[in-house]
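Enquirer: Now for the letters of each chain:
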Amino acid sequence: MHHNDESKDKLTPLTTEAKLSSSVGPLDTFYYDNKIVVWFAYATAFWGIAGMLFGLWAALQLTFPSLSFNLAETTFGRIRPVHTNAVIFAFVGNGIFMGVYYSLQRLCKTRMYSDLLSKIHFWGWQSIIVLGAITLMLGYTSSKEYAELEWPIDVLITIVWVIFGWNMMGTIIKRRERHLYVAIWFYIATWVTVAMLHIVNSMELPYTWLNSYSAYAGVQDALVQWWYGHNAVAFFLTTPYLGLMYYFLPKAANRPVYSYRLSIIHFWALIFLYIWAGPHHLLYNALPDWAQNLGTVFSIMLIAPSWGGMLNGLLTLRGAWDRVREDPVLKFMVVAITAYGMATFEGPMLSLKSVNAISHFTDWTVAHVHVGALGWNGFLTFGILYWLIPRIFETKLYSKKLANVHFWIGTLGIVFYTVPMYIAGFMQASMLKQFTPEGQLKYQFLETVQQMKPFYFMRSVGGFLFLIGALIMCYNLLKTIKAGKAVEEEKAQALSLANQNVVVHGKDHWHRWIERRPMQMLFWSLIVVIIGGAVEFIPTFMVKSNVPTISSVKPYTPLELAGRDIYVREGCYTCHSQQVRPFRDEVARYGEYSKAGESVYDHPFQWGSKRTGPDLARVGGKYPDSWHFNHMFDPTSMSNGSVMPPYPWLFRRDVDATVMPAKIRAMQKLGVPYPAGYDQKAVDDMSKQAEKIAKNLAGDKLEVKPSREIVALIAYLQRLGTDIKVSENK
Amino acid sequence: MKLRNYLENIADVGIYPVITLLIFFIFFSLLTAWTIWSRKQKFSEISHLPLEESEQNTPAQHQQ
Chain A
1 MHHNDESKDK
11 LTPLTTEAKL
21 SSSVGPLDTF
31 YYDNKIVVWF
41 AYATAFWGIA
51 GMLFGLWAAL
61 QLTFPSLSFN
71 LAETTFGRIR
81 PVHTNAVIFA
91 FVGNGIFMGV
101 YYSLQRLCKT
111 RMYSDLLSKI
121 HFWGWQSIIV
131 LGAITLMLGY
141 TSSKEYAELE
151 WPIDVLITIV
161 WVIFGWNMMG
171 TIIKRRERHL
181 YVAIWFYIAT
191 WVTVAMLHIV
201 NSMELPYTWL
211 NSYSAYAGVQ
221 DALVQWWYGH
231 NAVAFFLTTP
241 YLGLMYYFLP
251 KAANRPVYSY
261 RLSIIHFWAL
271 IFLYIWAGPH
281 HLLYNALPDW
291 AQNLGTVFSI
301 MLIAPSWGGM
311 LNGLLTLRGA
321 WDRVREDPVL
331 KFMVVAITAY
341 GMATFEGPML
351 SLKSVNAISH
361 FTDWTVAHVH
371 VGALGWNGFL
381 TFGILYWLIP
391 RIFETKLYSK
401 KLANVHFWIG
411 TLGIVFYTVP
421 MYIAGFMQAS
431 MLKQFTPEGQ
441 LKYQFLETVQ
451 QMKPFYFMRS
461 VGGFLFLIGA
471 LIMCYNLLKT
481 IKAGKAVEEE
491 KAQALSLANQ
501 NVVVHGKDHW
511 HRWIERRPMQ
521 MLFWSLIVVI
531 IGGAVEFIPT
541 FMVKSNVPTI
551 SSVKPYTPLE
561 LAGRDIYVRE
571 GCYTCHSQQV
581 RPFRDEVARY
591 GEYSKAGESV
601 YDHPFQWGSK
611 RTGPDLARVG
621 GKYPDSWHFN
631 HMFDPTSMSN
641 GSVMPPYPWL
651 FRRDVDATVM
661 PAKIRAMQKL
671 GVPYPAGYDQ
681 KAVDDMSKQA
691 EKIAKNLAGD
701 KLEVKPSREI
711 VALIAYLQRL
721 GTDIKVSENK
Chain B
731 MKLRNYLENI
741 ADVGIYPVIT
751 LLIFFIFFSL
761 LTAWTIWSRK
771 QKFSEISHLP
781 LEESEQNTPA
791 QHQQ
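So the protein sequences, as listed, match chains A and B.
Using the working numbering, the first residue of the first sequence is number 1, and each one after it goes up by one.
Using the working numbering, the first residue of the second sequence is number 731, and each one after it goes up by one.
One chain only, chain A, in its complex shape (with noise of 0.2 Å):
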């Protein structure tokens, strides 16, 4: 206690209740900025659109697999990560920095602390999401799922995710109110975690200057991609979203949080289940017995807080019930809350080994994650932008009732996406489970996808009446904008903090110490996402010289790995998984099931996370070269009915053997053991291999020249999971 502001407080020995606040000298006169806050407005809703008719695309893609033009740059293994991306970080982080820029200074009673940094923000944000969907189209992509982008991007957001950091901790520490708003907790705490995920899942080593490979493979990779992708979700979709829902309900509800004592418990149980959830399942069975029995309750604890969260929040509107039904914005904001209940409610449940039997792999997660999505995350911020743009236009919405119909009209939309999804999920599981009486499979994996399209076609009309929701609030807002004038520099008046005469009570209480000062309370997040990290990170690092290595595991050749770079940089990951779980159906259709030692060699491993197509993980030598070639030219042509895209343009482009060198000393940085000098022969040996593959397809009366890159990619798909299958002579 050693803090200035904490010896002047005790020079004040009032016994009475603290008052926050009394006037003693002049007040500060000074002006909110309230045109970054419109930029960033006017970039979440763009984004949003552009977001959303990038997923419709996707989606219809998978109805009418010729949407895709043929072209490379369109391809579903190409949109879709643009997609995930752009709703993520362009929609939801612009809303994100809009709803703090605006409730920032109002809770600290300050303009933010540097104009200039806020616009090399604002400006930064936008050009990364601009190269990055860019990128991202031309096949650049690091297949880290939600941390696409390659390493130049990732630099770029490390900077200005500094600046944003830079700019709100300057402005909390400048600030007027003595008290640090929890919704002002949960901006640092997704700051700190932010920065520390993005870092640890970036690690790359760079071949060119546009890609690189991950610094991890294989199991080690895989464990790091999904403590960032399960965290990400946590930290970029839900905390910093709680901190806006704490800050605008009651704004529009004009009146306080039904809990404040929840809202406390709320973070600080967040933050810490959020980072100790993930590393729980995997060690699970590592536990003794009375420790397992803990973990169980504590899991289910983790439902507590959320819902905790989701209370605290509906009963904030307690007796205001009938202005829920007249006013649009309350309306948005309820359902989004319910949202946010029902996403985490679920989520635990998918953790449970049983239920993720069933799930994973299918269209139920991706139910799963747009309920967060369209309802937690763009009904909220939904109902954000409609309170926001008449306040700071100084004006009436223009139209209560469109955004009424956009209301409904979204809600709709979250109920068409979602129930197809859950249904096609569950079907397509339980198909894949099937055998018949004498223990054959009963269905193929292609017999699944024809009956997936119905409620792949349904998904798009959802998500259709989502969109035209969203344009629907476009134009209200438009009309708004048109009949007002933006107040860009919001006066106001404040005492400063050295003028306050505070008073304290007889014992300060340290946590009332530590919510007063932004950086202990910046220090102690990332304290505590440091110790739910640490859990997972040391047995993750000792895991490398744990996996017991397969002898008979060897480094890709050169063909193979040009090929493997072509898989990633055409986003096959996004609906192929590589990855045989231990189950009887999946030993049946695939082959034997996934060793962690034959992904030793991966940078970046390609487990996947969704089988729209079949699991690719043992596809070596199941087919000839010969159908490959087929099949990628026109899937539809070997699997009637297929919803996979034609990639005709692996048969006009030639593999670039000029970067060849330098991914051989990459991967021999990473240690990958090619032997020294390697670097050198490899463009060799790639030619003498696809000379062979060439020589094979004009055997089955293919033309083709041994340097295009479908040859290199069928070398890699010949070659998956073939390791093992020698060894054990399976």
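Errors might be hidden in some of the hints.
[Claimed, not checked] Not the full set, but computed from the structure, chain A residues with beta-carbon under 7 Å of chain B:
| id | residue |
| --- | --- |
| 1 | PRO256 |
| 2 | VAL257 |
| 3 | ILE264 |
[As the list claims (entries may be wrong)] To be clear about the criterion: a stretch of chain B counts as covered by chain A if any three or more of its residues have a C-beta under 8 Å from a C-beta of chain A, and this derived list gives those stretches:
| id | segment |
| --- | --- |
| 4 | 752-766 |
| 5 | 771-779 |
[What the hints assert, rightly or not] Below, simulated DSSO-like cross-link-like pairs (lysine-lysine); rule was C-alpha separation at most 27 Å, straight line:
| id | chain 1 | residue 1 | chain 2 | residue 2 |
| --- | --- | --- | --- | --- |
| 6 | B | LYS772 | A | LYS251 |
| 7 | A | LYS396 | A | LYS482 |
| 8 | B | LYS770 | A | LYS251 |
| 9 | A | LYS396 | A | LYS35 |
| 10 | A | LYS396 | A | LYS491 |
| 11 | A | LYS692 | A | LYS622 |
| 12 | A | LYS119 | A | LYS174 |
| 13 | A | LYS174 | B | LYS772 |
| 14 | A | LYS554 | A | LYS681 |
Worth flagging that the hints you see were computed from the coordinates, not collected in a lab.
Ideal placement from N, C-alpha and C gives every residue a C-beta, glycine not left out.
With chain A held as given, fit chain B onto it using these hints.
Expert: Only chain B this time, still in chain A's reference frame:
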């Protein structure tokens, strides 16, 4: 794929989750106890912060 087995092979790996489990459990018990027993008045003041800046932002008129 039996990832778990590889993790299990790490000597005493169980200690990590046990330690955090205990840390978090104790932390929560204390946190919950504290929020229950601490003073309501303080919380109620802080919870009014978002509402404080009134429409015209005339300050120093904290609702009391």
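Enquirer: If a hint holds in the structure, say so; if it doesn't, say that too.
Expert: Outcome of the hint check:
1. With a cut of 7 Å, the hint placing PRO256/A at the interface with chain B holds, because the nearest CB-to-CB distance is about 4 Å.
2. With a least beta-carbon distance of about 5 Å to chain B, the hint placing VAL257/A at the interface is held under the 7 Å criterion.
3. Interface restraint check: ILE264/A against chain B, minimum CB-CB distance 6 Å, threshold 7 Å, status holds.
4. For the segment 752-766 of chain B, the assignment as covered by chain A holds, since 10 residues bring a beta-carbon within under 8 Å of that chain's beta-carbons and 3 suffice.
5. Three residues within the 8 Å Cβ limit are the bar, and the segment 771-779 of chain B against chain A gives 9, so the coverage statement holds.
6. With a CA separation close to 20 Å, the supplied pair LYS772/B and LYS251/A stays within the 27 Å bound.
7. Simply put, LYS396/A and LYS482/A have alpha-carbon atoms about 11 Å apart, close enough for the 27 Å limit, and the pair holds.
8. Proposed proximity of LYS770/B and LYS251/A is supported: the alpha carbons are some 21 Å apart, at most 27 Å.
9. Distance check on the hinted pair: LYS396/A and LYS35/A sit about 19 Å apart at the alpha-carbon level, within 27 Å; holds.
10. About 20 Å separates the Cα atoms of LYS396/A and LYS491/A, which keeps this hinted pair within 27 Å; it holds.
11. As the CA atoms of LYS692/A and LYS622/A are separated by approximately 18 Å, the hinted pair is consistent with the 27 Å bound.
12. Annotation: proposed proximity of LYS119/A to LYS174/A holds, straight-line Cα distance about 19 Å (limit 27 Å).
13. Taken as a hint, the LYS174/A and LYS772/B pair is honoured in the structure, with Cα atoms around 23 Å apart against an allowance of 27 Å.
14. Taken as a hint, the LYS554/A and LYS681/A pair is honoured in the structure, with Cα atoms around 17 Å apart against an allowance of 27 Å.
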